[in-house]
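Following the hints, put chain B in place on chain A, whose structure we already have.
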Amino acid sequence: MQASNDPYDVIVIGGGNAGLCAAITARRAGARVLLLESATKDFRGGNSRHTRNIRAMHQTATAYLTGPYGEEEFWDDLLQVTGGETNEHLARMTIRASEELGEWMPANGVRWQGSLRGTLHLGRTNLFMLGGGKAMVNAYYNAASRLGVELAYESEVRELKIGDGEFLSAVAIRNEVAHEFNARAIVVASGGFEANIPWLKEYWGEAADNFIIRGTKHNQGQMLKELLKHGAKPVGNPRGCHAVALDARAPKFDGGIVTRLDSVPFGIVVNKEIKRFYDEGEDFWPKRYAIWGKLIAEQPDQIAYSIVDAKALPLFMPSVFPPVKAGSIPELAAALGLDPPALVTVVDKFNRAVRPGAFDPASLDFCRTEGLQPPKSHWAKAIDTPPYYGYPLRPGITFTYLGVTVDEQARVIMQGDRPAKNIFAAGEVMAGNILGKGYLGGFGLTIGSVFGRIAGREAARYATS
Amino acid sequence: MLPPELLKEGERQMTICNACRYCEGYCAVFPAIELRRNFTKADLTYLANLCFDCRDCYYACQYAPPHEFGVNLPKLMSQLRVETYREFSSPAIFSALFKKNGLAVSLITFAALAIIMLLVLGLKGPGILFGIHLGDGAFYRVVPFLAMTIPALIIALYGFTVLLMGAVHFWRETQGHLSEMISLSDLWRATKDAFGLTYMKGGGAGCSYPDASFTYSRRWFHHLVFYGFLLDFASTSVAAFYDHFLGWQAPYPFFSVPVVLGTVGGIGLVIGTSGLMVLKYQSDRDPAEAKMLTMDVAFLALLFFTSLTGLVLLALRDTAAMGTLLVIHLSVVVGLFITMPYGKFAHVVYRYAALVRYAIEQRRNHSVNQ
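Taken in order, these protein sequences are the chains called A and B.
Take the first sequence: its letters are residues 806 to 1270, numbered as in this note's numbering.
Take the second sequence: its letters are residues 30 to 399, numbered as in this note's numbering.
Isolated chain A, as found in the complex (with noise of 0.2 Å):
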């Protein structure tokens, strides 16, 4: 093992945004830092890498935002989909400080573009990064660089020593050798672990293996297990995860965005016992997209397919895999791999229930089944029109709820509830506090940049004091 003889002020733990806001903040504040990122400088960034865009309050338009969002519809927002397993004092604290992000971002090099007029409808409350999650995070990688701060990629920390709830050093292998690196203060930012799957297989079995994970292969989950394992108190929910359908040829890590699926409303869903298994018109897709994740995980094998026919194929933006094609739904099926009579007997079966309606991909519409189980609630249209398409889905696993508790200058809670002096946490390995539950589109990305910067300015106020 090599020892650094010279200790850090602050040593940051992975370098994604969250990292990367602790990091400029800290040094900033006049703490020499390091930041240790895992990943090769090409995969750089975590899941940050491909975010879109941020959630953040303000009180006014602006060029970039349609309308103005405050602290009361946000917590709104915040406590429908968290259905209240949030910190409400550590919420409204990272709601209220989202508002300077619109500036502070920029001055640290991130830019903004106008509003998406894409399928997401989130130009008025989310800001949305000029050439996405990759270009904030190089954006930030250079303002870090410029300011002084000592990035070390494919460094990889394995252990945290840690005595009496005091950091003491961090172990790192970098090129297969070990390092162990000294620091008054430590922020770690390294993530869930959602790319772990041993773990997951923990709370889900054998079905983890078939689960495909959106983001970086480098979320492992060790930072937090030795957080855990030194007393750190647990927030969220341990078997919780976000999870949706995705299409089910994506890769295994890092198919980002583009492997989302948004046909499921727009015709049947089945599993591989050619059964229908939930409402697929339920509510608008990006409302319900992120239960079929876990509905898929509960099939047999974990994977689903989704059938529409040529009407529908307009209504549903364009994915990355081009759908599998066939003149009629015998000749889908057996392209699919699934049993052509039993399809073909599922289809004639929805297509009997639909009952007539003013079809309306825009609203909640009513066009629905009738007598059918599990119904159909909304867009039930007949596939009748040829050619018939079908993608394969799996459960795709955006991130992990379980995480360390943390008071609200970041540090983080150690037995008997006391805050560990100069251990700061950040990011999605303590999101759980204020997200226990559910998604908000752009929210990790407000979680990981208020986080980051408190805990950068925390540590940095720390270790040099």
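Think of the hints as simulated: they come from the structure by calculation, not from any bench.
All figures in this text were calculated on a predicted structure; none of them were measured in a lab.
Even glycine gets a Cβ: it sits at the ideal position worked out from N, Cα and C.
The reader is advised that the hints may include incorrect statements.
[As the list claims (entries may be wrong)] Now the in silico label distances, taken between C-beta atoms and shown as ranges:
1. 926/A to 224/B: 45 to 51 Å
2. 314/B to 888/A: 29 to 35 Å
3. 95/B to 1220/A: 41 to 47 Å
4. 256/B to 963/A: 55 to 61 Å
5. 866/A to 69/B: 50 to 56 Å
[What the hints assert, rightly or not] Using 25 Å as the maximum straight-line C-alpha spacing, the simulated BS3-like pairs for lysine-lysine come out as follows:
6. 1092/A to 846/A
7. 1130/A to 1080/A
8. 966/A to 1038/A
9. 1034/A to 846/A
10. 1130/A to 70/B
11. 1242/A to 1006/A
12. 1130/A to 320/B
13. 309/B to 846/A
14. 37/B to 309/B
Just chain B now, with coordinates in the frame of chain A:
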């Protein structure tokens, strides 16, 4: 024919971009992609020529190599552009000049130099070439007026015809009809985008050129080249007017309109082309296509030597070096004119046509949405 594997690769990458759309704030290419579901040869031809190679998307791309999706739009677009320039130029035998453009341009220019030099020496003799000539018509004592202007006009007319045919071909290929109503507002928008280099602004960030950090330097150098070129063109036009209508023969005084325009334009070109060549030298090769780079350098070098030799000729026109300098200058100009339809100059035509198509397409899309 565009290589089928290139078309297939183009369709693959465009499909990924269309499912992602994170880059739509950078330039016109992405909003144009979003209007499509399929990417045919016509679409790829159009989109490739709409791309200004700013490379912002490459560094912002979560799917750029080494990601297994391997999205590298600047490289793909450059490859497609080289192929479209070649495909739309005529006759086919000369289109081959695009294949080894740097070599072709150099050989043609040196051949022009050798031929003009031999003609002057053979027909006029070394006494004229190395003598001092002053006053009205001094240049024409070395190279007679008609010998200078007639071939130049023929070559220019030829080049213009080939490029015009290319533009028509491009317009047809990209599903446009010649009879298509082009409104003045569409042409105005395209012209503004072309003259202002809107899409080298990268949505406010500039180009990621020569490396991942954003800068406006490429745009400013390009402006110097473009407006320098226009000033030199204006200078030549004014000189032709003087000669033809007023009977004033070159050389003109230092503070005459043609000389001032030519000098300012020439200086702009020297600085602009040097700047662009330095940027190209420093540039990241991963998002680059080698054939395009060669073509760029060949064209920039010709422009650079055209303006440099012109400026030196101006400075030394009263000395014994004038004859030699004039021959060298004219040879470079001939090389530039001959290779115009078979080199990087072609981008002016196809880029502008693509911008017009974009203006039409966006107007239609907006009127549909309103």
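Structure-based check of each hint:
For residue 926/A and residue 224/B, the hinted distance range of 45 to 51 Å is not satisfied, since their beta carbons lie about 36 Å from each other. Separation of residue 314/B from residue 888/A is about 53 Å and departs from the stated range, judged on CB atoms against 29 to 35 Å. In this structure, residue 95/B and residue 1220/A meet the distance hint of 41 to 47 Å, their C-beta atoms being roughly 43 Å apart. Remark: the range hint 55 to 61 Å for residue 256/B to residue 963/A is upheld by a beta-carbon distance near 59 Å.
Under the hint 50 to 56 Å, the C-beta atoms of residue 866/A and residue 69/B, about 40 Å apart, miss the expected range. Straight-line distance between C-alpha atoms of residue 1092/A and residue 846/A comes to about 35 Å, which puts the hinted pair past the 25 Å bound. As the CA atoms of residue 1130/A and residue 1080/A are separated by approximately 20 Å, the hinted pair is consistent with the 25 Å bound. Note on residue 966/A and residue 1038/A: the hinted pairing holds, with a Cα-Cα distance of about 17 Å set against a maximum of 25 Å.
Under the criterion of a C-alpha separation no larger than 25 Å, the hint pairing residue 1034/A with residue 846/A is inconsistent with the structure, at around 30 Å. With a C-alpha separation of about 22 Å, the suggested pair residue 1130/A and residue 70/B falls inside the 25 Å cut-off, and the hint holds. Restraint check: the Cα-Cα separation between residue 1242/A and residue 1006/A comes to about 20 Å, which is no more than 25 Å; the hinted pair holds. Simply put, residue 1130/A and residue 320/B have alpha-carbon atoms about 38 Å apart, too far for the 25 Å limit, and the pair is violated.
Between residue 309/B and residue 846/A, the direct Cα distance comes to roughly 24 Å. Compliance with the 25 Å bound is thereby established for this hinted pair. Distance hint between residue 37/B and residue 309/B is unfulfilled; the C-alpha atoms sit about 28 Å from each other, more than 25 Å.
Checked against the numbered hints above, the structure breaks hints 1, 2, 5, 6, 9, 12, 14 and satisfies the rest.
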